[in-house]
Amino acid sequence: MGSSHHLLVFLMFLHYAVGFTYNCVKILPDSSSSIVVEVGKNFTATCHLLEGCAYTSDDIEWRLGNLSIAKQSYHRINETAVSVTINISSDMSDWLKCTAPKESLSYKPRSIYGIFLRAGYPPLKPKNLSCIAVQEDKDISPNLSCSWDPGSRNPLIDTTYTVYANVPGTVLTHKADCKQHLARFCVVNLETFPIHMVLKVWVEVKNALGSERSELQSDSSYFAKPNPPLNVQVLTEDKFPTSLVVTWKHPIDRTILKLSYAIRYRKVTSNVWIEVPESFTRGYIESFRLQSLEPYTQYVVQMRCIGESNSSYWSNWSPSVTERTTEAKPASAPDLWRIIRPTSNSRNVTLIWKAPVKANGKIRFYNLSINQNNEKFESHNITADNLSQMYSMELPAGKMASIEITAYNSAGESPKATLSIPRSDKELPGVKDMSWSVRDEKLQVKWTAVLPLPHPLKLSEYLLEWVKIPQSVHQKELPAGWQRVPKNVTVTTLNAGLEKFKRYNISVYPIYKYQPGHVWHFQPGRPVTRPAYVQQGPPKEGPTVTVTKSKKNSAELTWEETPLDSHQGFIIHYTIFYAIGNTKQWKSETVGPNVHSYVLTDLASETDYVVYVMASTEAGSVKGTDCTFKTMKYGDGEVEVIVVVVCLSFLFLTVFIIMICLRKREVIKKLLWPQVPDPSDSSIAHWSPDFPIKADLPKEDVSVVEVDVFDGKSLCEEDKGVLPLKKDKYLSEEHSSGIGGSSCMSSPRHSVSDSDEGDSGQTTSSTVQYSTVLGSGYKGQTPSHQPPAFARSESTQPLLDCEEHPDHLNESQSRSSYFRRGRELEPGVLAPECDGGSLTFCPVQEEEPSPVAEEPPASALCYMPQKSGYRPQ
Amino acid sequence: MNCHVGNMVCLSQRSQAKFRMILAILILIAVELVHPTVSCKNETCSQLLRHSLRLTRLMSKRTTELLETYKTSQDFADLICDMQMDNVPVSTVSGQTISQRILSVYTHLKEFLPHMKTVMEQQKDLNPPTNPVAEGLNRMITHVRHIAVRVNCILEILQPNIPIPEPAESPTGIPHAQNIFQQKAYGCIVLTRLQELLSQAVQEQKSLKKGKMCRKSTKNGS
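Residue numbers (the UniProt record's numbering), protein chains in the order written: chain A, 1 to 873; chain B, 1 to 222.
Be careful, since some hints might not be right.
As the list claims (entries may be wrong) - Pairs of lysine to aspartate or glutamate residues, derived as EDC-like cross-links and limited to a Cα-Cα distance of at most 20 Å, are as follows: (1) B:Lys41 / A:Asp137; (2) B:Lys117 / A:Glu191; (3) B:Lys61 / A:Asp137; (4) A:Lys138 / B:Glu156; (5) A:Lys138 / B:Glu65; (6) A:Lys500 / A:Glu441; (7) A:Lys267 / A:Glu323; (8) A:Lys249 / A:Asp139; (9) B:Lys41 / A:Glu499; (10) A:Lys468 / A:Glu499.
Derived from the structure by calculation, the hints contain no laboratory data. Source: prediction; values computed, not measured.
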């Protein structure tokens, strides 16, 4: 008992602690589930305070979700009821709550009541309801597939789509619930398709805000879609080259669905279908003859069917069946043309032709007949071959030819094509002012019509010929293409597959016709030809430039024209780019398309240049290969001028020297060949009593003594080494020379000056007396036992070098030494030097006594010492 | 008293009149409920007749095919199918006028429906589950019902002022305790007689077409 009391107290405490959910408010309308409200409409709810509730209507507050609703929307009905009206929007699916808040410090519980609002739209009426039941086997399927447009608005709330089907007059109604959201397709099973009955189908869409329904009622066949016709075949008939027979089977029994058929056909080469009028195939038929077809042409045939009087859906098209009509004889003549190439004394004529446009079969062969000067010349049957439809022949310039050609297929022969080739001097006039342009990537050719010709010539048509340049090497290809246009046309577009970037020669020929007999003859006039491109591109390759002449400030460049095939367009100009070495400072010169050489000027001399030539078309440019060259150091003739100037200068100098020499020859003579006193005229004989003067001494004016040099060296050469060592002595010897102080043969110690100072008062500029010394013999004479003889010369020439060096003479004393004139004439030896280093002699005044004259020479053996002095002259 | 009596009489007369009216309305409602709503106004007479004839012809053909299938599947001789069986409706179309004969067709078609259902059930029991006869019979029942609707519309055109008596789809009267042979014979007889009925129905409708029924009715209608 006590324990139960405590438990009750505890429960009461727990109750107040957790809170008592006492509710004294209620909302109307109320629902255990959500309340669906329509978007855009106003919704009014009323909050009622229940009896016994301590609140008043002023305490009531409305909230939607967690947001309070403005007080302006409240409507106080009475003390215990307050309503609120809200405009529903699509995002208002939330709790609408009515609350009576708990007052502060009050133990009264908070009262709250809510209803869940679900915003949505009423369903839209389905549009474009259509139902279809396809054929299955030989019956119509009981599954009726229906589709419709549910509209784009999302109803936001659960919406169901149901399809119903019923045959009016029967109680059974079939239905199908469409599960998917916003359903637009559903299949209802009818168990058995109601043939030949009225069928009523409707789709009903429902949600909490309403329902809509779309209905379709029609004969049941309108819901049926039959299969395409079965076993469609296309048959040919030999005798009917312009028709094909189409046969088929009914896809479904006529008691279920009586069908009518549609046939369409097209050429294999065309995408355009031709449909046979439905009136022709309306009956319940199983065959049809297609007529007015082209012979020997492949046709594609398809069929489909529909319930009679369009009482069902069209079936799909049947699979395509292709068949070719049979052959008929060619309906048009071959297209004959010729290409004439003049040779030296004749013409090479190549006949080319195309198969008839309306060949109506496979051309088996051609019959070519050639007449020359109206006489049958030759006739050939040429097997039809697309690759060799040409024939070449020689036609003398003075002859005319008439060519006829006929094509044959299995059904017969074609009409005849004729062409006349006149004599060379009988050409008919051509068109004028022919030009071309490119339009839509095709060549459009324009020309001026030919003037009317005198009877019987008539203009028949024009022929446009195109020849690819350079011509293809494939001989199997036709060398030219051609196209005929009516005579009243002067502008046309070439329907040829002309290649881009290839040059074509476009020619326009007027074709004349005349009728000499019963047959028309056709003869082309003179062509007018222009080169053309259907599309130009930049050249494939640039020209290769070479430097043919390089000068000091200019260089001549030459480049070959690139092959025509690589031009890819008309060359509009060449641009020459050149730069010094690797400086990349390019200069350019632009020249015309016909220029293939150019002289670059204003170049720096002796400089490396890089040059290339760029060829340009209207579509672009391409550069050629680089070429490097170097300019010359000298210009043209500069070297020649220098050489000439130098030569002339040398010549002038030579002449000048010669003139000088000639003018001063006496001086030079005296310098080169000093006057040697003639010993024979010498008076020495008079003052040398010990030795008789030989009367037979040569009177040659030689002032030297021939010395036999054993080692081949001249005295002068040998003397050079020892000369400096003996300078002082030498000078002293010179001063002591008795015969002018410079004679090699004079003995310094025994010079005349030693004894006779007053007799030698001459300088080198004055007359110097020379003496000839015959030391060791002369000309084989051996004066060993003879006393030395001194001969005094009256010559005023400077002393010989050798004379200045008595040491040499000493050395040569042991040999046979000779002084030769020639040796003494050497200019170097002749130069008088007065300084101490000179190897030459230096004239001194004989009058001056030498302070060292008394010193004995170290080695003066070249001549005998003068013991007794000499006598002044 | 008289007055009172008279009043009483008046009141009873009034109440009787009301009762009759209510009864008539109820009967009409009942008839409408029992009698399926036949929508014959969606088509012209010629369309109706054409469709009816095609459907009857199709069903006649199908019944022939079904009978052949039935005989093949049951290994039956023709004689068995032609034997007498009282509870199966006769195929003979009776009546003097075309309307009576069409009504006879209509009545017979309605009579055949429960028998066809019975045969179908029996066939399902005999050769489950893929029995072509049962499947064909199922479709046939639907189509025969549709023919009946068409014929009913023809009757409405032929005799617009006379209500068409609606035969109830009463039980066949065939005892359930049939052996298999009896069931097969029964089914064959039903199909044979149905085929005969449909053939006669085709003929009757052809005669309607020849008799230019629709032209007359159009004139009458106009």
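Broken hints, numbered, in rising order?
Going through the list in order, the structure violates hints 1, 4 and 9 and respects the others.
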